[in-house]
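Participant: Going line by line, the protein sequences match chains A and B.
To get the numbering used here, take the position in the first sequence, counting from 1, and add 11.
To get the numbering used here, take the position in the second sequence, counting from 1, and add 11.
In short, the hints are calculated from the structure, not lab data.
Please note that the accuracy of each hint is not assured.
No copy is singled out in the list; a pair is fine if it fits within one copy or between any two copies.
Said to hold, decoys possible - Straight-line C-alpha distance at most 20 Å; calculated SDA-like pairs for lysine to any residue:
1. K47 / P337
2. K33 / N105
3. K108 / S325
This structure is a prediction, so every number in the text was calculated from the model and none was measured.
There are 2 protein chains.
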Amino acid sequence: MDFELSEYHERLAKVKRSMAQKGLDVLVASDPSNMKWLTGYDGWSFYVHQGLIVALDRPEPIWWGRGMDANGAKLTTWLSPDSLRPYADDYVQNPAKHPMSHVASILREFGWLNKRVGAEHDNYWFTGRCLQVLEAELQAPTADATGLINWERLIKSPTEIAYLRQAAVVCRGVMEAATNAVRPGRLERDAAAAVYAACVKGVDGVPGDHPAIFPIMPSNERTTCAHLGWAPERIYQPDDLVLLELCGVHRRYHCPLSRTVYLGRPPRRLADLAAAVLEGVEAALAFVKPGVEAWEVEACWRSTVSKRGVVKPSRLGYSIGASYVPDWGERTVSLRPDDHTVLGPNMTFHLMPGIWEDDLGFESSEPFLVTETGCEPLMGFPRGILTPEL
Amino acid sequence: MDFELSEYHERLAKVKRSMAQKGLDVLVASDPSNMKWLTGYDGWSFYVHQGLIVALDRPEPIWWGRGMDANGAKLTTWLSPDSLRPYADDYVQNPAKHPMSHVASILREFGWLNKRVGAEHDNYWFTGRCLQVLEAELQAPTADATGLINWERLIKSPTEIAYLRQAAVVCRGVMEAATNAVRPGRLERDAAAAVYAACVKGVDGVPGDHPAIFPIMPSNERTTCAHLGWAPERIYQPDDLVLLELCGVHRRYHCPLSRTVYLGRPPRRLADLAAAVLEGVEAALAFVKPGVEAWEVEACWRSTVSKRGVVKPSRLGYSIGASYVPDWGERTVSLRPDDHTVLGPNMTFHLMPGIWEDDLGFESSEPFLVTETGCEPLMGFPRGILTPEL
Numbered sequence: 012m013d014f015e016l017s018e019y020h021e022r023l024a025k026v027k028r029s030m031a032q033k034g035l036d037v038l039v040a041s042d043p044s045n046m047k048w049l050t051g052y053d054g055w056s057f058y059v060h061q062g063l064i065v066a067l068d069r070p071e072p073i074w075w076g077r078g079m080d081a082n083g084a085k086l087t088t089w090l091s092p093d094s095l096r097p098y099a100d101d102y103v104q105n106p107a108k109h110p111m112s113h114v115a116s117i118l119r120e121f122g123w124l125n126k127r128v129g130a131e132h133d134n135y136w137f138t139g140r141c142l143q144v145l146e147a148e149l150q151a152p153t154a155d156a157t158g159l160i161n162w163e164r165l166i167k168s169p170t171e172i173a174y175l176r177q178a179a180v181v182c183r184g185v186m187e188a189a190t191n192a193v194r195p196g197r198l199e200r201d202a203a204a205a206v207y208a209a210c211v212k213g214v215d216g217v218p219g220d221h222p223a224i225f226p227i228m229p230s231n232e233r234t235t236c237a238h239l240g241w242a243p244e245r246i247y248q249p250d251d252l253v254l255l256e257l258c259g260v261h262r263r264y265h266c267p268l269s270r271t272v273y274l275g276r277p278p279r280r281l282a283d284l285a286a287a288v289l290e291g292v293e294a295a296l297a298f299v300k301p302g303v304e305a306w307e308v309e310a311c312w313r314s315t316v317s318k319r320g321v322v323k324p325s326r327l328g329y330s331i332g333a334s335y336v337p338d339w340g341e342r343t344v345s346l347r348p349d350d351h352t353v354l355g356p357n358m359t360f361h362l363m364p365g366i367w368e369d370d371l372g373f374e375s376s377e378p379f380l381v382t383e384t385g386c387e388p389l390m391g392f393p394r395g396i397l398t399p400e401l
Numbered sequence: 012m013d014f015e016l017s018e019y020h021e022r023l024a025k026v027k028r029s030m031a032q033k034g035l036d037v038l039v040a041s042d043p044s045n046m047k048w049l050t051g052y053d054g055w056s057f058y059v060h061q062g063l064i065v066a067l068d069r070p071e072p073i074w075w076g077r078g079m080d081a082n083g084a085k086l087t088t089w090l091s092p093d094s095l096r097p098y099a100d101d102y103v104q105n106p107a108k109h110p111m112s113h114v115a116s117i118l119r120e121f122g123w124l125n126k127r128v129g130a131e132h133d134n135y136w137f138t139g140r141c142l143q144v145l146e147a148e149l150q151a152p153t154a155d156a157t158g159l160i161n162w163e164r165l166i167k168s169p170t171e172i173a174y175l176r177q178a179a180v181v182c183r184g185v186m187e188a189a190t191n192a193v194r195p196g197r198l199e200r201d202a203a204a205a206v207y208a209a210c211v212k213g214v215d216g217v218p219g220d221h222p223a224i225f226p227i228m229p230s231n232e233r234t235t236c237a238h239l240g241w242a243p244e245r246i247y248q249p250d251d252l253v254l255l256e257l258c259g260v261h262r263r264y265h266c267p268l269s270r271t272v273y274l275g276r277p278p279r280r281l282a283d284l285a286a287a288v289l290e291g292v293e294a295a296l297a298f299v300k301p302g303v304e305a306w307e308v309e310a311c312w313r314s315t316v317s318k319r320g321v322v323k324p325s326r327l328g329y330s331i332g333a334s335y336v337p338d339w340g341e342r343t344v345s346l347r348p349d350d351h352t353v354l355g356p357n358m359t360f361h362l363m364p365g366i367w368e369d370d371l372g373f374e375s376s377e378p379f380l381v382t383e384t385g386c387e388p389l390m391g392f393p394r395g396i397l398t399p400e401l
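In isolation and in its complexed conformation, chain A is listed as follows:
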């Protein structure tokens, strides 16, 4: 197990406290990162319906999932055998049967069918059909508990911070692999392969892990948007502009980092954009300390870069932690207007000031830990435009 049993028990207690505050007796949770955080469960089985049931009146969560994955739950979680409730295989991708009926049968068995039940309504892994079937079985609406567990994950434990620091070590290796591979004459896909290999291998004896987002590494006109990968058949050329939004991973904890590479002497426009963004990053990081609110960090950034004519219409950052595909964000705090979350010690964020304009893009981000007095960047990687050809 990646954590002491006592830490899992503390997490469960926090979740139950939040459930009680929100008037919930039972929580159906299917976000794989929440399953991991509460029980240790770790497998690529989320392509079929699975989840946990947390009930105020039961000491352990119940894992439910496909029969062929139950041994995986036995091997990777701290749950006792009686807490593993697999379903038969004909529930898989079958319009005539739905795994939420299996969940309802568990709720019935434990006398929870008439309790106040919540579910993660806006999570990838809880579909519209899940909602329909669960509510039809309950003959009652469910409460929206999207993010309930995620919010309890916001403040990181010492072990979690240690894993994030290891992820930062891996991230450094990933960024070095990328900047060594993005060179004129080399295939873009070979650079992507080097990034994947470094992320999974890790560096300096620190094991990596599989990334929750693929290597975002567009070149040239593809840098005008936020989420394109490499062009598999293309060879890097002199004066290519390449964005790198990559990550290091350790025991599912993600340390993301973005940087911009230019294969030659950067044009004035890009250099100006970089200078403005880096000034904004420095201002925002200097501003962060316990007690400030999420929106204030963004406002600080915005007032700095707007003086240089830079506009970023999208959020400046988000909370990070343990993740699975498709997202390394925690889906709670966003550094943007109207988010009044008060920052506190041992929260971790990705400050991600990506700029995507119609002719080019620029990215230079910083993952950071909120400390007792300010913040500590998790990486010490040079922030300016990387120019390996100069």
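Got chain A; can you put chain B on it based on the hints?
Facilitator: Same frame as chain A, now just chain B:
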């Protein structure tokens, strides 16, 4: 673009025909593989809500998604600028605003709000909250159109089959990389890194791509379940049993393959299991031809392996094609009891007879193309237990 414009138009016509048959005027589709298949859209932006709107009375689908991804839609799809409808960034992961309200505003603009609207109710990318918000905006229920597009993808075009054959070339390289790396004294994570690198690089000049499922490569007791990866800190030992469920990818088309490695002389029990499974695979492949039904293929397999005492309680296979995380299956046909789909030429399947028992597992699969007269395995990889140490 990966396909001629005429092929995209044919696909759209097929989808519209199916919509009309099902009484739908408008379809809201958010499965990334359906978006790719209909428009070419290709980016890792599905971690926020996005999708297509297909309407019988409009020649082009409408792409909707996050503002920062609109340039990606411009670069990767055949859609005209008027068909790209991005939403503002404060719709992202914000309990107070939901992207389905943006979708409703598009429906309103085009006069589709009172039409018969369908959505992919049981797709990962259409959450319970999507359903609630969309139906609240429409003030009417939506029809379940889960799989409507996926079913139109079942019969592959010549270009798609060419891509699947390229994916099979990549898959061979991936399997060779894996079997070269799974050796006593080597780290499991280094083998996983070699697999990722081979999958993304490709082989023999054939580009690979990122896989929709991570390298499933458990060892020893971890082979008792279906979806565990490598153990990052473990070193392979003599007499290790290792399952490999991997894939080759080319332009998002997936050719999966599973095999079993034993680092020594396989024990009798494993060898007997392998012999039974391979007999079943041969019987099933010999049985496949146009006109047989999906359940019959599984019945043929089952009657063969049951004579040797092998029981597989899970489906024997599924349709394959273009995919994104978290699944390389097409989520339509399953080779299992009660699936009465009639097999026809140019359908492609992964025959995946994985056996996971409480002490060990065995896998040896075969991706195949249904031909005019029978079937053609896409790979020619040796099916028996791989024993690189003998």
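Participant: It remains to establish, for every hint, whether it holds in the given structure.
Facilitator: Status of each hint after checking the structure:
1. K47 / P337: both (15 Å within a copy, 17 Å between copies)
2. K33 / N105: between (34 Å within a copy, 19 Å between copies)
3. K108 / S325: between (41 Å within a copy, 15 Å between copies)
In summary, the structure agrees with every hint in the numbered list given earlier.
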